[in-house]
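Dock chain X against the given chain D, drawing on the hints supplied.
2 protein chains.
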Amino acid sequence: MRAWEKNFRKVEPYVPGEQPKLDTMIKLNTNENPYPPAPGVLQAMKEFDVDKLRLYPDDKSDILVGALADYYQVDKNQVFVGVGSDDVLGMAFLSFFNSDKPILFPDITYSFYQVWANLYKIPYETPALDDSFRIKKEDYYKESGGVVLANPNAPTGIYEDLTFIEDILQHNQDVIVIVDEAYVDFGGKSAIELIDRYENLLVVQTFSKARSMAGMRIGYCIGNKDLIKVINDVKYSYNSYTMNQTSLYIGVEAVKDEAYFRENLAKIMEERERTIVELKKLGFTCTDSKTNFVFAKHKTAPAAELLEMLREQNIFVRNFASNPRISNYLRITVGTREEMDSLFTAIREYVM
Amino acid sequence: MRAWEKNFRKVEPYVPGEQPKLDTMIKLNTNENPYPPAPGVLQAMKEFDVDKLRLYPDDKSDILVGALADYYQVDKNQVFVGVGSDDVLGMAFLSFFNSDKPILFPDITYSFYQVWANLYKIPYETPALDDSFRIKKEDYYKESGGVVLANPNAPTGIYEDLTFIEDILQHNQDVIVIVDEAYVDFGGKSAIELIDRYENLLVVQTFSKARSMAGMRIGYCIGNKDLIKVINDVKYSYNSYTMNQTSLYIGVEAVKDEAYFRENLAKIMEERERTIVELKKLGFTCTDSKTNFVFAKHKTAPAAELLEMLREQNIFVRNFASNPRISNYLRITVGTREEMDSLFTAIREYVM
Chain D
1 MRAWEKNFRK
11 VEPYVPGEQP
21 KLDTMIKLNT
31 NENPYPPAPG
41 VLQAMKEFDV
51 DKLRLYPDDK
61 SDILVGALAD
71 YYQVDKNQVF
81 VGVGSDDVLG
91 MAFLSFFNSD
101 KPILFPDITY
111 SFYQVWANLY
121 KIPYETPALD
131 DSFRIKKEDY
141 YKESGGVVLA
151 NPNAPTGIYE
161 DLTFIEDILQ
171 HNQDVIVIVD
181 EAYVDFGGKS
191 AIELIDRYEN
201 LLVVQTFSKA
211 RSMAGMRIGY
221 CIGNKDLIKV
231 INDVKYSYNS
241 YTMNQTSLYI
251 GVEAVKDEAY
261 FRENLAKIME
271 ERERTIVELK
281 KLGFTCTDSK
291 TNFVFAKHKT
301 APAAELLEML
311 REQNIFVRNF
321 ASNPRISNYL
331 RITVGTREEM
341 DSLFTAIREY
351 VM
Chain X
1 MRAWEKNFRK
11 VEPYVPGEQP
21 KLDTMIKLNT
31 NENPYPPAPG
41 VLQAMKEFDV
51 DKLRLYPDDK
61 SDILVGALAD
71 YYQVDKNQVF
81 VGVGSDDVLG
91 MAFLSFFNSD
101 KPILFPDITY
111 SFYQVWANLY
121 KIPYETPALD
131 DSFRIKKEDY
141 YKESGGVVLA
151 NPNAPTGIYE
161 DLTFIEDILQ
171 HNQDVIVIVD
181 EAYVDFGGKS
191 AIELIDRYEN
201 LLVVQTFSKA
211 RSMAGMRIGY
221 CIGNKDLIKV
231 INDVKYSYNS
241 YTMNQTSLYI
251 GVEAVKDEAY
261 FRENLAKIME
271 ERERTIVELK
281 KLGFTCTDSK
291 TNFVFAKHKT
301 APAAELLEML
311 REQNIFVRNF
321 ASNPRISNYL
331 RITVGTREEM
341 DSLFTAIREY
351 VM
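Protein sequence lines correspond, in order, to chains D and X.
Each residue of the first sequence is one higher than the one before, counting from 1 in UniProt numbering.
Each residue of the second sequence is one higher than the one before, counting from 1 in UniProt numbering.
If you're looking for bench data, these hints aren't it; they were derived computationally from the structure.
No false leads were slipped in.
In this list, chains with the same sequence are indistinguishable; a pair is considered to hold if it fits within one copy or across any two.
Listed next, the in silico DSSO-like pairs over lysine-lysine satisfying Cα-Cα at most 27 Å (straight line):
| no. | residue 1 | residue 2 |
| --- | --- | --- |
| 1 | K142 | K10 |
| 2 | K121 | K6 |
| 3 | K121 | K10 |
| 4 | K101 | K121 |
| 5 | K6 | K225 |
| 6 | K121 | K136 |
| 7 | K76 | K229 |
| 8 | K267 | K297 |
| 9 | K10 | K76 |
| 10 | K60 | K6 |
| 11 | K101 | K6 |
| 12 | K60 | K225 |
| 13 | K6 | K142 |
| 14 | K52 | K21 |
| 15 | K229 | K6 |
| 16 | K229 | K121 |
| 17 | K281 | K267 |
| 18 | K76 | K6 |
| 19 | K60 | K10 |
For reference, chain D alone in the conformation it holds in the complex (with noise of 0.2 Å):
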C-alpha cells in the first residue's frame, strides 16, 4: 500500500448500473419515459445560441426557476433547481439535517437516501413497510432529526394521500420533512399545496419521469422561501454553478407544453393498468402502483430467474437481490404498447 492511499475515502466499491446500449433492446429497468420530451425542447436546442456558451450561466437560474413558479402558483424564492433530483435531495439532506437525533425514512424506499445520510454523517433509523408495504404513519409520531418519505414510494409505487401526508405532518413540527415526488404526476397530487400551511416541508420533483427528460438533469423543490434560502445558501457556499445554459433553456420548453405533458402522461398509465392486468394473468401479484412502473411478483418463478430470461431477450428489467424483504420482486418500468406485448410473450412463454 503506497502511503497517500490511506488517506483516500472509503466507499463501497462501485458496482455499475446496466445501461445496455444495443438497438434492438427493451429498456424497462431505470423508469424513463418511453415518449421524447416535448416538441418545442427540439426547437428551443435548434436556436440556442452557442455563443453564449463563453459566459457563465445565470447562478440563480432564473428563467428555470421563473418557470417552475409559474407552473406551480408559487413565488420564485419558493423554488430551487438542482442537477436532477438527486442534486436536490442530496442538498436538502446536508442543509437541513445537522441534528443528533436520527432522521427516519421506510426500510424499503429510495436507495439514495440512506447513501446521503452516511455521507453527511446524519444518523437515522429506517422504520419498517408494514406486510403490504405501506408506511406505517405511527412510526412517525416521535421525536427525529427530520423525516423523508418518497410517494408514491419506490420501489413499491404505493402511493398515500395527502391526508397521511399532512398527518405526519402534525406530528412532525419541529423538523423538516421532506416529500420525494418523483413520480407523482403518474396519478398522485402534489403536496405542493400544502407548502403554505406547513413552513417545514419540502416537496421534491424531477424532470427525469414524466417530463421526458432524464438525460438533461433537471431536478427541483418547492417549499417555504425560508427553506429554499438555507438551501441556496448552502448551495452558493461551495458550488455557485451547477446549473448549464442548455438545461435553463430547454427546461422551461419542457415545462410550457401542457397539452403534451398530460397526454403523454395518460397513455402511460394507461399502458400501467393493462401491464398489471395481463401480469396478473400470468401469475403475478402487483402493487396498486401510481408510478411509472409495476412491482410484481411471481406466484412460482423466482425474479433472478425471470430477469436473466428476460435479458437473454434483450428486454431489460430491475430486481433487489440484497433485499430480503423484496428480493423476489421486479420493477417494471411502463414502456410502449409495443414493448409491453413483448414482455407479455417473453413471460408467457416462460411461466406457461
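The following block gives chain X in isolation, referenced to the frame of chain D:
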C-alpha cells in the same frame, strides 16, 4: 426561531456574484473567454438528437472521457469529468484528503479551496506567498494531509515551471498533490506529462476558460488510474448522473478543433501582453500573468475607486476587498482589443 431552524446548516450568508446582464456592458470580471466556442459546437448542437433526452446520460461519460484521453494521449481510465472544475476539485478534496494532518495551499489562491476544506471538515494551513506573490516551495517541505496548488495561480496570474512542480512532488510523495490548471493553456506547460512518474499527482483542468465553454460546466482531472478509480467510486457512491447529454456530446466537439483553439489562445495572449504594456503606461504595476487576466495595482488610485468608476461606465472588473494583502489590486479579464481599448480610455481619463 422556529424549532426546525436549529438544524439548518450554518454557512456564510450568500453574497450574489456580480453577473450584470446589460447589452452594452464590457464584462471583464469573471475570466470568461471573449470568443465563442469552436464552430463544431454550433453544428453539434443543431444536430443533437433531443429524443434521446428521455434516457439517462451515460454515467461513465465515455465519449467525453475518450475525447480527452485521445487529446492528452493518456488512457481512458486516467480521466475523470465533472460539472465544471469546481465539481471535480470538490470531489477530489472529498476523495483524497481524509487525514488528521492539515492540507496545504497558499494564503492567496482560489478561494474555494478553503470552502471545500471547511465543508468536508479537512484541516488546512495556508503558507503565505512571498512579497512578489510567489509560492515559497520550502513551506511545502513538511508532513501534511495533501497539497493543492493552482498553476498559474489565481488571482495573481503567476506561473511556476514544471521544475518547481516536480520539486514539490519530490517533497510530498506520501500524499496527493493536486495541481489546478484552469489557466494553463494561456502560456504555461501542463503537469499532465508528470503523471506517469508521480502516481500521487492529480491535474485538474476546465472547459470554462481556454475552450470558451463556461456556460456548459465541464471540468476534468487526469492522473494515475488508481486515483481516478477512487474519485469515480466516491462520485458514483452518491450521485451517478451528473453530466448531462448535451455536455457530453458538444464537449467532444470543443476538444476536436485544435486550430481554432490555438488561434483563440494566441489572440488572448497577445492582447494580454498589450494590456500589461498599456496599464504600465497608465501607472499600474502588473504581475507577469500567464492567464487570461491581468492582476494590477495603480500607484495612486485605490482599486475600489477604480472599480466603481469603471462600473459607472458599464465596465466590470473584480477586486478582493476582504483580503488586505491584495485589496488594492484589480483582476481584469483579457477581452477583445476593442473592449480593452475602452478600458484604457476610461482609466486614462480618470488617472491622468
